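Visitor: These protein sequences, in sequence, are chains L and D.
Under this note's numbering, the residue at position 138 of the first sequence is numbered 703, and the numbers go up by one with no gaps.
Under this note's numbering, the residue at position 35 of the second sequence is numbered 302, and the numbers go up by one with no gaps.
It should be emphasised that the hints constitute simulated quantities derived from the structure, not laboratory data.
Just so you know, not all the hints are guaranteed correct.
Below, a list of computed lysine-lysine pairs in the DSS-like style, where the Cα atoms sit at most 30 angstroms apart [unchecked claim]:
#	chain 1	residue 1	chain 2	residue 2
1	D	379	L	644
2	L	615	L	601
3	L	646	D	347
4	L	607	L	702
5	D	396	L	646
Since this is a predicted model, take the numbers as computed values, not measurements.
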Amino acid sequence: MKKNSLFLLVLFFLSVTTCFATMQLGAPLTLQEVTKVSEINKHPDQYLGKQVLIEGLIINVCAARGCWMDIASDVPFEKIKIKVVDGEIVFPLEAKGQTARVEGIVEAVHLTEDQARSMARHHAEKSGEKVDLSTIKGPTTYYRIRGLGAEIN
Amino acid sequence: MSWRKWNFVLHRDLGYLCIGLTLLYGISGLAVNHTSHAFNPSYTIETQKGQVSPLPSGKVPDMSYVNQCLAELSITAQFKNVAMLNPETIRIFVEGNTIDVIVATGETIKEKIERRPLLFGINYLHLNKGKGTWTWVADIYALAICLLALTGLFMIRSKGRRRALFLTTIGFLCPLLYLLLKPS
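Isolated chain L (complex conformation) (with noise of 0.2 angstroms):
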């Protein structure tokens, strides 16, 4: 009883230790061509549905499950937001400020205006940031990465 207690414990402890040393998260990455996430954002039909490879500083992560993350862009005031399924990838909130490159699939999320108007109420309510509610008129569309893989550096 004492050896599988002490085992357990080991096991424990090296499973917490050893698995921040590495920042590998999810599926490997296999996609060797980085895309500027500015093409994205710039022509974010042409990207839909592809398999793409994406490389920037990690300016906000998912405070309450790391499901999602926020890459900024190669032009300056532009991010692209990677959302991962929920437990299948946890992005480490100390990972901001990091450098990631994370593979995934780029998809479009359509929004009805109360959606939207919920999600820009909800992020002021996070951000502290002001935004103003009556520029949202009817139905929007924003573009993502579905993760499959990240390294954070």
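Since chain L is already given, all that's left is putting chain D on it; use the hints.
Guide: Frame of chain L, contents of chain D only:
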């Protein structure tokens, strides 16, 4: 040895083996059950407003301004990176902190992130963030508690059978009733 004795030994020893992990999953379960944007079970997140000198109009924020902001806020943690979120706001990343500076006014919002002691580790295991080896351990544990439940069922003696059946039925009914009655 009779099957009842084997069943008892299996139930007892599995019970001992599962104590540690059951407590780990139980405590972590309580924490992750209440995950929301206001509560992260693995990290403490504190935000604090502050003030630095605004950037003189017409000037573009550069590293000297970033260093000036950090100095004015008495932040000595290791600098990681800086990003221009929009024309009005820069985000400075240092080890453990993120600082948003509205350059025109000098208003700052500092976000401090710290791992919760103990909970960070047990949530890491519970949510299987490491995958790999831990998936095996967690699978074996899951099978072990299924066995624990089944062997427990066979430990029911004739004396307390009615009570045992009543409590076991409640255990099954709880999730079933919830699923049946929950609003769609």
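Visitor: Check each numbered hint against the structure and report the violated ones by number, ascending.
Guide: Every hint satisfied by this model.
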